[in-house]
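Each chain sits in its own coordinate frame; assemble them with the hints.
Which chain is which? The protein sequence lines are A and B, in order.
The numbering used here puts the first sequence at residues 1 to 229.
The numbering used here puts the second sequence at residues 1 to 772.
Simulated from the structure, these hints should not be mistaken for lab results.
Check each hint, because a few of them may be wrong.
Here are the in silico distance ranges between beta carbons for each label pair [said to hold, decoys possible]:
hint	chain 1	residue 1	chain 2	residue 2	range
1	B	SER761	A	GLU201	32 to 40 Å
2	A	GLY16	B	LEU340	36 to 44 Å
3	A	GLY16	B	LEU47	53 to 61 Å
4	A	GLY133	B	ALA723	48 to 56 Å
5	B	PRO730	A	GLY133	55 to 63 Å
6	B	SER761	A	ARG215	28 to 36 Å
7	A	GLY133	B	GLY352	50 to 58 Å
8	A	ARG189	B	ALA310	58 to 66 Å
9	B	ALA391	A	ALA116	21 to 29 Å
10	A	GLY16	B	ALA689	49 to 57 Å
11	B	LEU340	A	GLY192	53 to 61 Å
12	B	ALA310	A	GLN191	54 to 62 Å
13	B	TRP356	A	GLY133	57 to 65 Å
14	A	ARG130	B	LEU340	38 to 46 Å
Remember, it's a predicted structure, so these values are computed and weren't measured experimentally.
Beta carbons are placed, not taken as given, at the ideal position from N, Cα and C, and that holds for glycine.
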Amino acid sequence: MRKPLLAGRGITRSFGATPALRGADVEVATGEILAIMGPSGSGKSTLLHCLAGILTPDEGEVWFDGTRIDRLRDRARTELRRRRFGFVFQFGQLVPELPAIENVALPLLLEGRPRAAALAAAVPWFERLRLAGLERRRPGQLSGGEAQRVAMARALVSEPDVVFADEPTGSLDSLAGELVMDLLVDSARAQGTTVVVVTHEPRVAAYADREVVVRDGRVLDMAPVGGPE
Amino acid sequence: MIRLLRLSGRLTAGGGRESVIRLVLTGLGLAVAVTLLLSAAVLLPALHAHDVARAWTETGPEPRQPAQDPATTDPLVWQLTTDRFDGRDLIRVDLHATGPDAPAPPGLDALPGPGEVAVSPALRALMAETEPALLADRFPGEVTATVGREALASPDDLVAFVGHGPGELVDREGFADGIVTVRAIEAAPVTRGVSEAMRIVLVVGALGLLVPVVSFVGTATRLAAARREQRLAALRLAGATTGQVGWVAAVEAGLAAVGGVALGFAAFFALRPRLAEIPFDGYASFPSDLRLSVRAALAVGLGVPVLSVAAALVSLGRIRISPLGAARRTAPRRARAWPLLVMAVGIVALGGASLWASRSTAETAETWVVAGAFLVLFLGMVLSGPWLTAAVARGVGRFARRAPALLAARRLEDNPAAGFRAISSIVLAVFVGSMFSGIATSILAGEGGARAELQPDVVVTSTPTDDGVVVTGADGNADDADDAGDPDVRPGRAALPVRDGLDAAATGRLVDRLQAVDGVTGVVVGHAFPDDPSLVDALVRAGGELTAPVLVPCADAAVLGAEPCEGATAVTMWDTVVDPTGFVAPLSAGELADLPVVAVGAVTDGSTAAIEEARTVLQSGMPRAPVVTRADIDAEHQRVLRTVQRVSNLGLAVVLVVAGCSLAVAVAGSIVERKQPLALLRLSGVRLADLRRMVLAEAAAPLVVVAAASVVMGLGVAALVLASGNDDRPFVLPGLGYWLAVVGGVALALGVVMATLPILSRLTALDTARFE
Numbered sequence: 001m002r003k004p005l006l007a008g009r010g011i012t013r014s015f016g017a018t019p020a021l022r023g024a025d026v027e028v029a030t031g032e033i034l035a036i037m038g039p040s041g042s043g044k045s046t047l048l049h050c051l052a053g054i055l056t057p058d059e060g061e062v063w064f065d066g067t068r069i070d071r072l073r074d075r076a077r078t079e080l081r082r083r084r085f086g087f088v089f090q091f092g093q094l095v096p097e098l099p100a101i102e103n104v105a106l107p108l109l110l111e112g113r114p115r116a117a118a119l120a121a122a123v124p125w126f127e128r129l130r131l132a133g134l135e136r137r138r139p140g141q142l143s144g145g146e147a148q149r150v151a152m153a154r155a156l157v158s159e160p161d162v163v164f165a166d167e168p169t170g171s172l173d174s175l176a177g178e179l180v181m182d183l184l185v186d187s188a189r190a191q192g193t194t195v196v197v198v199t200h201e202p203r204v205a206a207y208a209d210r211e212v213v214v215r216d217g218r219v220l221d222m223a224p225v226g227g228p229e
Numbered sequence: 001m002i003r004l005l006r007l008s009g010r011l012t013a014g015g016g017r018e019s020v021i022r023l024v025l026t027g028l029g030l031a032v033a034v035t036l037l038l039s040a041a042v043l044l045p046a047l048h049a050h051d052v053a054r055a056w057t058e059t060g061p062e063p064r065q066p067a068q069d070p071a072t073t074d075p076l077v078w079q080l081t082t083d084r085f086d087g088r089d090l091i092r093v094d095l096h097a098t099g100p101d102a103p104a105p106p107g108l109d110a111l112p113g114p115g116e117v118a119v120s121p122a123l124r125a126l127m128a129e130t131e132p133a134l135l136a137d138r139f140p141g142e143v144t145a146t147v148g149r150e151a152l153a154s155p156d157d158l159v160a161f162v163g164h165g166p167g168e169l170v171d172r173e174g175f176a177d178g179i180v181t182v183r184a185i186e187a188a189p190v191t192r193g194v195s196e197a198m199r200i201v202l203v204v205g206a207l208g209l210l211v212p213v214v215s216f217v218g219t220a221t222r223l224a225a226a227r228r229e230q231r232l233a234a235l236r237l238a239g240a241t242t243g244q245v246g247w248v249a250a251v252e253a254g255l256a257a258v259g260g261v262a263l264g265f266a267a268f269f270a271l272r273p274r275l276a277e278i279p280f281d282g283y284a285s286f287p288s289d290l291r292l293s294v295r296a297a298l299a300v301g302l303g304v305p306v307l308s309v310a311a312a313l314v315s316l317g318r319i320r321i322s323p324l325g326a327a328r329r330t331a332p333r334r335a336r337a338w339p340l341l342v343m344a345v346g347i348v349a350l351g352g353a354s355l356w357a358s359r360s361t362a363e364t365a366e367t368w369v370v371a372g373a374f375l376v377l378f379l380g381m382v383l384s385g386p387w388l389t390a391a392v393a394r395g396v397g398r399f400a401r402r403a404p405a406l407l408a409a410r411r412l413e414d415n416p417a418a419g420f421r422a423i424s425s426i427v428l429a430v431f432v433g434s435m436f437s438g439i440a441t442s443i444l445a446g447e448g449g450a451r452a453e454l455q456p457d458v459v460v461t462s463t464p465t466d467d468g469v470v471v472t473g474a475d476g477n478a479d480d481a482d483d484a485g486d487p488d489v490r491p492g493r494a495a496l497p498v499r500d501g502l503d504a505a506a507t508g509r510l511v512d513r514l515q516a517v518d519g520v521t522g523v524v525v526g527h528a529f530p531d532d533p534s535l536v537d538a539l540v541r542a543g544g545e546l547t548a549p550v551l552v553p554c555a556d557a558a559v560l561g562a563e564p565c566e567g568a569t570a571v572t573m574w575d576t577v578v579d580p581t582g583f584v585a586p587l588s589a590g591e592l593a594d595l596p597v598v599a600v601g602a603v604t605d606g607s608t609a610a611i612e613e614a615r616t617v618l619q620s621g622m623p624r625a626p627v628v629t630r631a632d633i634d635a636e637h638q639r640v641l642r643t644v645q646r647v648s649n650l651g652l653a654v655v656l657v658v659a660g661c662s663l664a665v666a667v668a669g670s671i672v673e674r675k676q677p678l679a680l681l682r683l684s685g686v687r688l689a690d691l692r693r694m695v696l697a698e699a700a701a702p703l704v705v706v707a708a709a710s711v712v713m714g715l716g717v718a719a720l721v722l723a724s725g726n727d728d729r730p731f732v733l734p735g736l737g738y739w740l741a742v743v744g745g746v747a748l749a750l751g752v753v754m755a756t757l758p759i760l761s762r763l764t765a766l767d768t769a770r771f772e
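In isolation and in its complexed conformation, chain B is listed as follows (with noise of 0.2 Å):
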């Protein structure tokens, strides 16, 4: 056995060059299958990491996991809200410890005292790069402390703790501040609410990442399968067993495996810091977040090399090696049609099924059969992928030109089955991606539409209300069957909630600093709705909410996406909600000028300083109020659907060129086994130049042709899938980051492919010819 294995080693190693170049080629192939497949594994755990570290965000008069014990600390009042800043996030807490036991979150050694602010590094660093106006002033106090890296998830995270003194900060039990008293902070992890249909779209995504990366290792492992048959022939010859010569076969496969798997552990851990900055929720990670399990490590170190060798032993077990030569056991089948008829159900099927699901109201059901009528669709696809490369591989070949094209297409029709082995994983990905991202992006575009009626250039707040106690009808009976067992709708006359404002003087203060920020153009004043009966009867007939109703003079209201009118109308605001109700009420300037005021918007030319100094200004005059622009509300209703836009873009490109790695190995592979033929061309007077536009078409074509019929595939699916919904949402073509993952990601392929070039000049060089 040591003897068969020593022998093994040597035939692999001491084989020429050629041997080797085919023992790095596998190599590197198995070395990028690992580091991908680690960096796979550590993605799970650095989302893990995120929601670990914001688990204090969730702090609340119940904690689920308290960090402290409630019993033996102060009262610490308490606000979370979540500011912006140029599109980024501002995490902020508004604080008062009652006592010197006050629990204090992670990251803090001591609480900030009145007056003091304790800030994030990144916020530390954004605050000393931007004009105090439109940032550092939002924080009334010096910056006494830096945040530690136990509270952030992200080394991008904006956060802020405010301290203040007694009486700044006042927990309003039922209102709707968000003001709390609590006596612990929560070390729960965040939970994610993560729909039935969001786990299938990861397991489809792990799945479309995972049959790449694994048909990259079978491809990388039989590369010049023909030229190590030759070899286990002779071997043969000199009175090899089958078994012997099956040992022989593993051991190389191992060899490279073992070299593969070493290289990529090191490339991963090279990586890893670059890794840590794809932002795949998001948010950048820490490096260090990026724990690689032992068990993952163990898995791809011993999954990887077990993998190769069996893909080694599969492709060993379809030929049979005698001691004249390898036969083939199976000559390559002929591409069948009858697949496509497969794809069809699966096509009919799907839509059937998204059909269905929009009306059923069986969720796990829905999604499990539209998930079933894929998995039909995946199957015709790949089955019918030899039978449509054979039929492109025709027509190209009936039509081209010149060499190269022609040549290509031969080989392509010579083993359709093999070609598309190739490019299957493309034909997956692409389609999966296409089809997510075609998807999202008609879903965001409804979005926009549907929300936020908001200009884009205002800038506004409204101060908050009590809990709301809503009466559904304006009979004041709690009729409506959805809202009978809410204990927020209780039967009485239709009420408002009750709401903060500000008098006439703090209002004109307001009003008189935002005129002066460079960039504002106007400012809007919102009133509270009167709480007149007759008036919030007519609100409520008129089909509008009472949650929060502000009204504003018609002239005004064109900002905040009302129809032009008479009088005031009535405008739902509320945290991330500014939406018109259609209603106007019939009053005069005067009689509106005498409610409270409860909203004010800033109306800017659009300019990042002067949204943000506009941002500014209204926290300081309406403090504890949530500050918001269009831009804000989109993304608060969009970011589920942006992330998997995101990832599946993300996904799109890395699959890409990782077929792009499978493909470089089989043109590898093929120009290793085509040594003799090619160096021949080479030595009857063919240019390198047009060996290698030839071997380059072979690879280019069935890439960029599979690609885009993918993407055609993948969107015309996505608005079968939109068109069967019973939201009539239209079908919107991916925006500019689904195009750059596409070309970008099938250039990147091309680009690995021209890398594997240089060893085509190096196999066919005129004096390699002699030694034939």
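This is chain A alone, in the form it adopts within the complex (with noise of 0.2 Å):
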């Protein structure tokens, strides 16, 4: 069995009076792709949010490589954030004004990089991602698929341990969304980077490792790390 890089241990997290998690437990090994699934409402991306470290459960415990991240201050969660975790979400993370490349630089010059050097990292991913050609326009000048897989390409410049995807392909057609999944799986298999998706469409669960079911703020069908191997 291989050791959980990141686990989420009786996870509870109201919003309000409104519970959107009761005691949820997950756990991802190093390198292993997650699917969340559920319907809509049934907690899945405040359980992503909550393993991020984006918020702090009302009760439970998140663990991330050995650290009880849940109990950080908000400076090092974010510092966190920046360093070891990789975010795509459904549309709108791409600065409009930036040209793409510069998008897919940003985690590094954010980071204080210089910027010849986070141009030049920046650069390989245009091509793994079958995005040459694109560097120079603006996220209003690319296609949806393209500008998702630019967003890609920023979660993962800064080779993060763990990438969080929520609803990735949520505003695209089935086309291109499975090449964005297929480019995201090969990305993270090649890095051996930890990926946690959340999705309601079974396409694109079926590229995870393993699957859980959100329902009712509650983690069910969870098989154990490395069982199905």
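Okay, structure coming up:
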């Protein structure tokens, strides 16, 4: 059995009087691709946000690489997200004024890396994610699928340990969605990156090594890490 | 209609936190604009109130608008002089009522009798905190009354009415000592000698303030236009017509405007006492003099909401609200370089116009030609702005090493016209302010050199002359064309004006008293120019003026600004003129000593105490003669320019702050519009401080760059205008006040921008992203 890289235990989280998670448990191993499935309002995005240190659970624990991150201060969690995690959302994450290459290089620039070095690190991702020739295009000049691949490149450019993807194909047609998932999975496997993807589409979940279903704030059908192997 | 209005109101106020923030920000922006407009609206009434309150200072034998019926009053002997204390003007009236019905000036229930003095509250306070030898001793008698508010233009006014008995104050007809007999006090407001050029300066200055405020109203109303457009598109999808959507937009803008106007009025009335303390014309005002007329209140109270609604509808007209979202009717146009040509033409035209104006005698025509050239230059600057902004943004984008600078550059490059709009008012205001300040400073520097050769630490007085019958030529003929029509110029032998003089005993007493003053290091005595035809002719031939020559020993002449010489040299001295003539009279010390003493100067250590005590002693030793220092003379000559400089610096700072408010609103709008990408960046681990830096850089970079460029341009044009003039004035950089206004204004503007940053933290809070 592989040791979990990321684990949530007994996570409870409410928004006002509305409970979103009621004691959810989940574990993800290094290099594993986990799909979190569930209907709308089931709490799957909240679970992803708790695992990524975006939200802190009301109860329960979140562990990453041997550290309990739900007890970290906001500053430390911010740094963790910047250095060790990458994010892909459904849409709207690209800065509209920046050309694609600068959008991809943005995390490195914000990390303080010199501009030339940041841009140089961003260039290979355009070839890898079949975006060659689109480096100077602005987000508004890209198709939905292209924009989503640029967002993926941005999530992967700083070589994170975990990529969190929240409905990454939610706004794409099936062909574009498949291409995005193909490339995300290939890149993650090539880098050994762990991926946690939230989706309600079985086609997307099929790319994962393992899937869990969230319903009414609880994780169902959870197979132990390493179990399917 | 009512239902639509109610729906619009509900949509505006009930749209959640973001909607409320947008409404509040728009309202706050408009409140600032309203406060500024109301402040500007009361400026002219306040200045007019100063003129009305000072009407009595122009009292003379033939009043334009007598406050009393001259047929019913007793004669009043009246002498008004402007004294100074520590750099402040002190209006002093010596008077003698010849009967019980002598007219009393406003602010006095009764005229002070012999030995009585009435003083303004500010003067009373100053006298209480100052050594009597420095100030109170100037007023012989006891303070028995306080001058009322009606006579004062400013709470800081220093005014004294000194009563005299019969024979102490004599109206000597034709004598230029300002003693006159009046039967009524002047009630016509002081007329300011506002030249055509000053009027243009005021109009340009008012426009310079109005344009940024109007542009600010527009910016505040268009706050977060993209988000509003999304909502309006949703309304269209629900079946609203374009007309109904327009109504909703108008109601939204109107609601914010009404709140903003109410807040602006409240802020104005709360700030009015502070506003009254600003010395626009050199003097603070009474708060009640900052009267808001009904017309101005209505114009602002109705104009701002109308302007705001119009701006909302115009911005809606630029986009087509379709049920599927807002599509831009016109894509942002690429900035073009051709307006640079207009700017170049403007600069050349301004240089040419200034050159022509300096040689022309058609004053009105020349001011309008110069104003026209300015207009071309302005137009060029405004049209070139987007191209220059794009060029700067490209340059910064190419070399930016850090993310915040890169993001700022790319945002400006993306829509340079929008980027420039927020700062266009800064360009004009800083340009105009810098130019005025540059020209005024250079002229002031020139004035300082040309006038008042007196050493700065010397206090000097000279006795008054008669009206000065001046003969222009040594031959006694009034042959100078300029003087031919002057009634004071009469043909005949060159004659000197008659002037009072002190005898040896009185002079000795005065000199002794001066020498006893702490800080007085020497005393200079000036003698009447001898009425010797050969000497007078020699003086005229040497180019000296006959107006009021005073002979001083060459050994003492340096303190009055004269060149070293042997014998005695002539210095022109009267009122606020002390100029060496360069004429040296071959007189022995004995011959000089025999001449009556008409001027006395005290050389001091430069301390305020020494200068003011010497001034007090001189006033009592030579009553009714003006006592001046170089600073007084400079201040007298530079009064208008200093006002221009002060108003210009103040306007500059105000406009920079208004521009800062515009920028702040634009920044707040950009945060609201980019809420999602910014929130997702933060969620991805970008530090809030980095996001703050990024947003601040977007605002600060263009603000600082454009302000700096406008300073260079304004001062450059000032140098060009001066170089085109025919009096070879060298260009002098403006002083500390100007730089404080620019740097302080930019700092305040940035402070205002920074005040909007907390909404970045709130709108991008991690839990907000979840509900996007």
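Okay, the hints, checked on the actual structure:
1. For SER761(B) and GLU201(A), the Cβ-Cβ distance of about 35 Å falls inside the hinted range of 32 to 40 Å, so the restraint holds.
2. The supplied range of 36 to 44 Å is broken by GLY16(A) and LEU340(B), whose beta-carbon atoms lie about 58 Å from each other.
3. Between GLY16(A) and LEU47(B) the CB atoms are about 59 Å apart, so this pair conforms to the stated range of 53 to 61 Å.
4. At roughly 55 Å, the beta-carbon separation of GLY133(A) and ALA723(B) lies within the given 48 to 56 Å, and the hint holds.
5. In this structure the supplied range 55 to 63 Å holds for PRO730(B) paired with GLY133(A), their Cβ-Cβ distance being about 60 Å.
6. For SER761(B) and ARG215(A), the hinted distance range of 28 to 36 Å is satisfied, since their beta carbons lie about 35 Å from each other.
7. Our hint of 50 to 58 Å for GLY133(A) and GLY352(B) holds, since their Cβ atoms are close to 53 Å apart.
8. Remark: the range hint 58 to 66 Å for ARG189(A) to ALA310(B) is upheld by a beta-carbon distance near 59 Å.
9. Restraint check, ALA391(B) to ALA116(A): a C-beta distance of roughly 23 Å satisfies the suggested window 21 to 29 Å.
10. The supplied range of 49 to 57 Å is broken by GLY16(A) and ALA689(B), whose beta-carbon atoms lie about 30 Å from each other.
11. Between LEU340(B) and GLY192(A), the C-beta spacing of about 56 Å keeps the proposed range 53 to 61 Å intact.
12. Remark: the range hint 54 to 62 Å for ALA310(B) to GLN191(A) is upheld by a beta-carbon distance near 56 Å.
13. Distance hint for TRP356(B) and GLY133(A): a CB-CB separation of about 59 Å, consistent with the stated range 57 to 65 Å.
14. For the hinted restraint 38 to 46 Å between ARG130(A) and LEU340(B), the CB-CB distance of approximately 43 Å keeps it satisfied.
This entry does not satisfy hints 2, 10, going by the numbered hints stated previously.
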